[in-house]
Amino acid sequence: EPEVTQTPSHQVTQMGQEVILRCVPISNHLYFYWYRQILGQKVEFLVSFYNNEISEKSEIFDDQFSVERPDGSNFTLKIRSTKLEDSAMYFCASTQAYSNQPQHFGDGTRLSIL
Amino acid sequence: SQQGEEDPQALSIQEGENATMNCSYKTSINNLQWYRQNSGRGLVHLILIRSNEREKHSGRLRVTLDTSKKSSSLLITASRAADTASYFCATFKTGANNLFFGTGTRLTVIP
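Residue numbers (my numbering), protein chains in the order written: chain A, 23 to 136; chain B, 187 to 297.
Hints should not be assumed to be uniformly reliable.
[Unchecked claim] Result set (SDA-like, lysine to any residue): computed pairs, CA atoms no more than 20 Å apart in a straight line: (1) B:Lys-256 x A:Asn-122; (2) A:Lys-64 x B:Leu-232; (3) B:Lys-279 x A:Leu-52; (4) A:Lys-64 x B:Thr-289; (5) B:Lys-242 x A:Pro-124; (6) B:Lys-242 x A:Gln-123; (7) B:Lys-279 x A:Glu-78; (8) B:Lys-279 x A:Pro-124; (9) B:Lys-279 x A:Phe-83; (10) B:Lys-279 x A:Asn-122; (11) A:Lys-64 x B:Ala-196; (12) B:Lys-242 x B:Thr-263; (13) A:Lys-64 x B:Gly-226; (14) A:Lys-105 x A:Met-37; (15) A:Lys-64 x B:Asn-283; (16) A:Lys-64 x B:Lys-279; (17) A:Lys-64 x B:Val-230; (18) B:Lys-242 x B:Ser-210; (19) A:Lys-79 x B:Ala-282.
[Claimed, not checked] Residues from chain B shown here face chain A by an in silico Cβ test under 10 Å; the list is partial: (20) Asn-216; (21) Asn-217; (22) Tyr-221; (23) Arg-227; (24) Leu-229; (25) Val-230; (26) Leu-232; (27) Ile-233; (28) Leu-234; (29) Phe-274; (30) Ala-276; (31) Phe-278; (32) Asn-283; (33) Leu-285; (34) Phe-287; (35) Gly-290.
[Unchecked claim] Across the chosen pairs, the derived CB separations fall in these ranges: (36) B:Ala-268 x A:Glu-75: 38 to 46 Å; (37) B:Ser-225 x A:Ile-76: 28 to 36 Å; (38) A:Tyr-72 x B:Lys-242: 24 to 32 Å; (39) B:Ala-268 x A:His-32: 20 to 28 Å; (40) B:Ser-254 x A:Ile-42: 43 to 51 Å.
Derived from the structure by calculation, the hints contain no laboratory data.
Every residue, glycine too, gets a C-beta built ideally from N, C-alpha and C.
Modelling step: build the complete structure from the supplied sequences, incorporating the hints.
Printed below as a string of C-alpha cells:
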C-alpha cells in the first residue's frame, strides 16, 4: 500500500538555525498538510497546500514557516530561525480529495531544538 | 474552538473486553475521523464517518455519530494486546481544509 514518507526521522538543530523537513506524499494525492505534536499534547494543524499554494494556515504558521513543493514528489516544511518551542513531532499528511477522504500520515520527524 | 475532547483520557482493560472511547466537538462538521497512534509513531487512519451517517463498522471497530449532540464514540470489540495505543478523533469542519484533533484516549489492553 502506498505510504507517506518523511525524512529525516529525527533532526537535532541549534536554536536560530534553519531546518527543512521533507515529505513525499502519496503519488496521486492532491492535498498536502503539515501538523505538529508537542510531546504529550494534541496534534495541531499547521498548513494545508493545494495546487501549488497554501489553502489554509493556522496561527502557529507564522512568518518563520514556509512550505514548498519543489518538484512533482516532494513537499517541504522550512522553519527559518528555530526556537526552543519548535521542538515537536512534525507530521506530513496527504489526501486524494478535499473532503470525505481520510488523510494519510507519515511517521513524522522528531525535531529537537537545543 | 473546534477541537474535540475525548474521554476517558486513559482506559485500561483486559484482553477480550470491549473498549469504548467518546469524543465531543463544538461546530458543524463534514466528517469525523478516528486515528490510532502507537507510541512514537505516525497516525493511522481507522475510520471516517460522514455527517449524514449515524453508524459505521470496520472489522472490530464500530463508530457512532450524533450530530445533534456533537459527539461520537469508538467501540473496539474483543480487544487484543496489540490494540494498545492512543486513539484520537479528528473533525473535518465545514468550510475548512484541515483536521482538528482531540486530546486522545490512551488505551492499554492487558494480556
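Evaluation of the provided hints:
1. For a cut-off of 20 Å, the pair hint linking Lys-256 of chain B to Asn-122 of chain A stands: about 18 Å separates their Cα positions.
2. Distance check on the hinted pair: Lys-64 of chain A and Leu-232 of chain B sit about 18 Å apart at the alpha-carbon level, within 20 Å; holds.
3. A C-alpha spacing of about 19 Å is found between Lys-279 of chain B and Leu-52 of chain A, which places the hinted pair at or below 20 Å, so the restraint holds.
4. Distance check on the hinted pair: Lys-64 of chain A and Thr-289 of chain B sit about 5 Å apart at the alpha-carbon level, within 20 Å; holds.
5. For the hint pairing Lys-242 of chain B with Pro-124 of chain A, the CA-to-CA distance comes to about 14 Å; that is within 20 Å, so the pair holds.
6. With a C-alpha separation of about 15 Å, the suggested pairing of Lys-242 of chain B with Gln-123 of chain A holds against the 20 Å cut-off.
7. Straight-line distance between C-alpha atoms of Lys-279 of chain B and Glu-78 of chain A comes to about 13 Å, which keeps the hinted pair within the 20 Å bound.
8. This hinted pair checks out: Lys-279 of chain B and Pro-124 of chain A have alpha carbons roughly 14 Å apart, not beyond 20 Å.
9. Only pairs whose Cα atoms come within 20 Å are accepted, and Lys-279 of chain B paired with Phe-83 of chain A is accepted, the gap being roughly 19 Å.
10. For the proposed pair Lys-279 of chain B and Asn-122 of chain A, the alpha carbon gap of about 11 Å is at most 20 Å, so the pair holds.
11. In summary, the hint linking Lys-64 of chain A to Ala-196 of chain B is supported, as the alpha carbons are separated by about 14 Å, within the 20 Å threshold.
12. A hinted pair counts as satisfied when its Cα atoms are at most 20 Å apart, and Lys-242 of chain B with Thr-263 of chain B qualifies at roughly 14 Å.
13. Between Lys-64 of chain A and Gly-226 of chain B the alpha-carbon distance is near 13 Å, which keeps this suggested pair within the 20 Å criterion.
14. As the CA atoms of Lys-105 of chain A and Met-37 of chain A are separated by approximately 5 Å, the hinted pair is consistent with the 20 Å bound.
15. Between Lys-64 of chain A and Asn-283 of chain B, the direct Cα distance comes to roughly 18 Å. Compliance with the 20 Å bound is thereby established for this hinted pair.
16. Of the pairs offered as hints, the one joining Lys-64 of chain A and Lys-279 of chain B holds, with about 17 Å between alpha carbons and a cut-off of 20 Å not exceeded.
17. With a CA separation close to 15 Å, the supplied pair Lys-64 of chain A and Val-230 of chain B stays within the 20 Å bound.
18. The hinted pair formed by Lys-242 of chain B and Ser-210 of chain B meets the criterion: a straight-line CA distance of about 17 Å does not exceed 20 Å.
19. Under the criterion of a C-alpha separation no larger than 20 Å, the hint pairing Lys-79 of chain A with Ala-282 of chain B is consistent with the structure, at around 10 Å.
20. For Asn-216 of chain B, the interface hint holds, the least distance from its beta-carbon to any beta-carbon of chain A being 5 Å, beneath 10 Å.
21. Because the beta carbon of Asn-217 of chain B sits about 5 Å from the nearest beta carbon in chain A, less than 10 Å, this interface hint is met.
22. With 10 Å as the threshold, the beta carbon of Tyr-221 of chain B comes within range of chain A, its nearest partner Cβ sitting at about 8 Å, so the hint holds.
23. Interface restraint check: Arg-227 of chain B against chain A, minimum CB-CB distance 6 Å, threshold 10 Å, status holds.
24. Of the supplied interface hints, the one on Leu-229 of chain B holds, with its beta-carbon coming within about 4 Å of a beta-carbon of chain A, less than 10 Å.
25. For Val-230 of chain B, the shortest C-beta to C-beta distance to chain A is roughly 7 Å, which falls under 10 Å, so the interface hint holds.
26. The beta carbon of Leu-232 of chain B is positioned within 10 Å of a beta carbon in chain A (closest approach about 9 Å), and the interface hint is therefore held.
27. Taking 10 Å as the C-beta contact cut-off toward chain A, the hint placing Ile-233 of chain B at the interface holds, the least distance being around 8 Å.
28. At a threshold of 10 Å, the smallest CB-CB gap from Leu-234 of chain B to chain A is about 5 Å, leaving the interface hint in force.
29. For the restraint placing Phe-274 of chain B at the interface with chain A, the shortest Cβ-Cβ distance is roughly 7 Å, inside the 10 Å limit, so the hint holds.
30. About 8 Å separates the beta-carbon of Ala-276 of chain B from the nearest beta-carbon of chain A, less than 10 Å, and the hint is met.
31. Annotation: Phe-278 of chain B was flagged as interfacial toward chain A, and the flag holds, the nearest CB pair being 6 Å apart, inside 10 Å.
32. With 10 Å as the threshold, the beta carbon of Asn-283 of chain B comes within range of chain A, its nearest partner Cβ sitting at about 5 Å, so the hint holds.
33. The beta carbon of Leu-285 of chain B comes within 6 Å of a beta carbon in chain A, closer than 10 Å, and the hint placing it at the interface holds.
34. A least Cβ separation of about 4 Å between Phe-287 of chain B and chain A falls short of the 10 Å threshold, and the interface hint therefore holds.
35. At a threshold of 10 Å, the smallest CB-CB gap from Gly-290 of chain B to chain A is about 7 Å, leaving the interface hint in force.
36. At roughly 41 Å, the beta carbons of Ala-268 of chain B and Glu-75 of chain A sit within the given window of 38 to 46 Å.
37. For Ser-225 of chain B and Ile-76 of chain A, the Cβ-Cβ distance of about 32 Å falls inside the hinted range of 28 to 36 Å, so the restraint holds.
38. Separated by about 27 Å at the C-beta atoms, Tyr-72 of chain A and Lys-242 of chain B satisfy the suggested range of 24 to 32 Å.
39. Range check, Ala-268 of chain B to His-32 of chain A: about 25 Å between beta-carbon atoms, so the 20 to 28 Å window is met.
40. Remark: the range hint 43 to 51 Å for Ser-254 of chain B to Ile-42 of chain A is upheld by a beta-carbon distance near 46 Å.
Checked against the numbered hints given earlier, the structure satisfies every one of them.
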